[in-house]
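Line order of the protein sequences matches chains A and E. Counting from 1, position 2 in the first sequence corresponds to residue 1381 in the working numbering; the numbering is continuous, with no gaps. Counting from 1, position 70 in the second sequence corresponds to residue 1241 in the working numbering; the numbering is continuous, with no gaps.
Keep in mind the hints are simulated off the structure, nothing from the lab. Careful, some of the hints might be misleading.
[To be verified] Below, in silico cross-link-like pairs of lysine-lysine (BS3-like), each with a Cα-Cα straight-line distance of 30 Å or less:
id	chain 1	residue 1	chain 2	residue 2
1	E	Lys-1239	A	Lys-1449
2	E	Lys-1172	A	Lys-1390
3	E	Lys-1269	A	Lys-1432
4	A	Lys-1432	E	Lys-1213
5	E	Lys-1269	E	Lys-1239
6	A	Lys-1449	A	Lys-1390
7	E	Lys-1172	A	Lys-1432
8	A	Lys-1390	A	Lys-1436
9	E	Lys-1213	A	Lys-1390
10	E	Lys-1213	A	Lys-1436
11	A	Lys-1436	E	Lys-1269
12	A	Lys-1436	E	Lys-1172
13	E	Lys-1269	A	Lys-1449
14	E	Lys-1239	A	Lys-1436
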Amino acid sequence: DAGITQSPRHKVTETGTPVTLRCHQTENHRYMYWYRQDPGHGLRLIHYSYGVKDTDKGEVSDGYSVSRSKTEDFLLTLESATSSQTSVYFCAISSLGQPQHFGDGTRLSIL
Amino acid sequence: KQEVTQIPAALSVPEGENLVLNCSFTDSAIYNLQWFRQDPGKGLTSLLLIQSSQREQTSGRLNASLDKSSGRSTLYIAASQPGDSATYLCAVREGTDKLIFGTGTRLQVFP
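In isolation and in its complexed conformation, chain A is listed as follows:
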């Protein structure tokens, strides 16, 4: 979908372990986003990037960090995973003012 690939698609891990999710785009869009989707909360923005090495926090950034060393890749890291971070994570891309396009999501379970 719109040249976005998320990896892994599914992951199960234990509390306290580090986890990194990857978002890769082939569209050369400037903006990239990480959201989480939870029942009753909808989609909430975690972090976003407006260029290489330019990132900012979203609504629910605590416990997460991101990096963008090149245009096509945006990494989301959980330094020490907690059960409250069990969720479905979506990456999105866009150009300014244009529709955001989403990846297929990563289902993350933290036991």
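Once you've looked at the hints, dock chain E against the given chain A.
Below, chain E alone, put in the same frame as chain A:
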């Protein structure tokens, strides 16, 4: 803080009906509003984007309207089909291209 509400939360209708899904937002200072469709276990598919200066957008059987001053948008689906069954999400864009999502309307169209 911007809040986006979608009513109803769920809707079940027979095939062929014309539908109206509602989205309301609390802060009218938005750049645009986007409607998405999400199928179970999948990512979001962008349906329509309405810029703040526009009143409506149309794509096939879908028509979205925007009344920024009253903080409302509606998605009209004409002649509904079972393939329209999905969750429909609206999202408003604020500064720096961030989207604030509603919690969605789950639509089921039965034959």
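Going down the list of hints, with the structure as the test:
1. E/Lys-1239 <-> A/Lys-1449: 37 Å, violated
2. E/Lys-1172 <-> A/Lys-1390: It is violated: about 33 Å lies between the C-alpha atoms, which goes past 30 Å.
3. E/Lys-1269 <-> A/Lys-1432: 18 Å, holds
4. A/Lys-1432 <-> E/Lys-1213: OK: A/Lys-1432 and E/Lys-1213 at ~29 Å, within 30 Å.
5. E/Lys-1269 <-> E/Lys-1239: 18 Å, holds
6. A/Lys-1449 <-> A/Lys-1390: Given pair A/Lys-1449, A/Lys-1390 holds - Cα atoms ~24 Å apart, limit 30 Å.
7. E/Lys-1172 <-> A/Lys-1432: 28 Å, holds
8. A/Lys-1390 <-> A/Lys-1436: 24 Å, holds
9. E/Lys-1213 <-> A/Lys-1390: 16 Å, holds
10. E/Lys-1213 <-> A/Lys-1436: 25 Å, holds
11. A/Lys-1436 <-> E/Lys-1269: 10 Å, holds
12. A/Lys-1436 <-> E/Lys-1172: It holds: about 16 Å lies between the C-alpha atoms, which stays within 30 Å.
13. E/Lys-1269 <-> A/Lys-1449: 21 Å, holds
14. E/Lys-1239 <-> A/Lys-1436: 27 Å, holds
Going through the hint list in order, the structure does not satisfy hints 1, 2.
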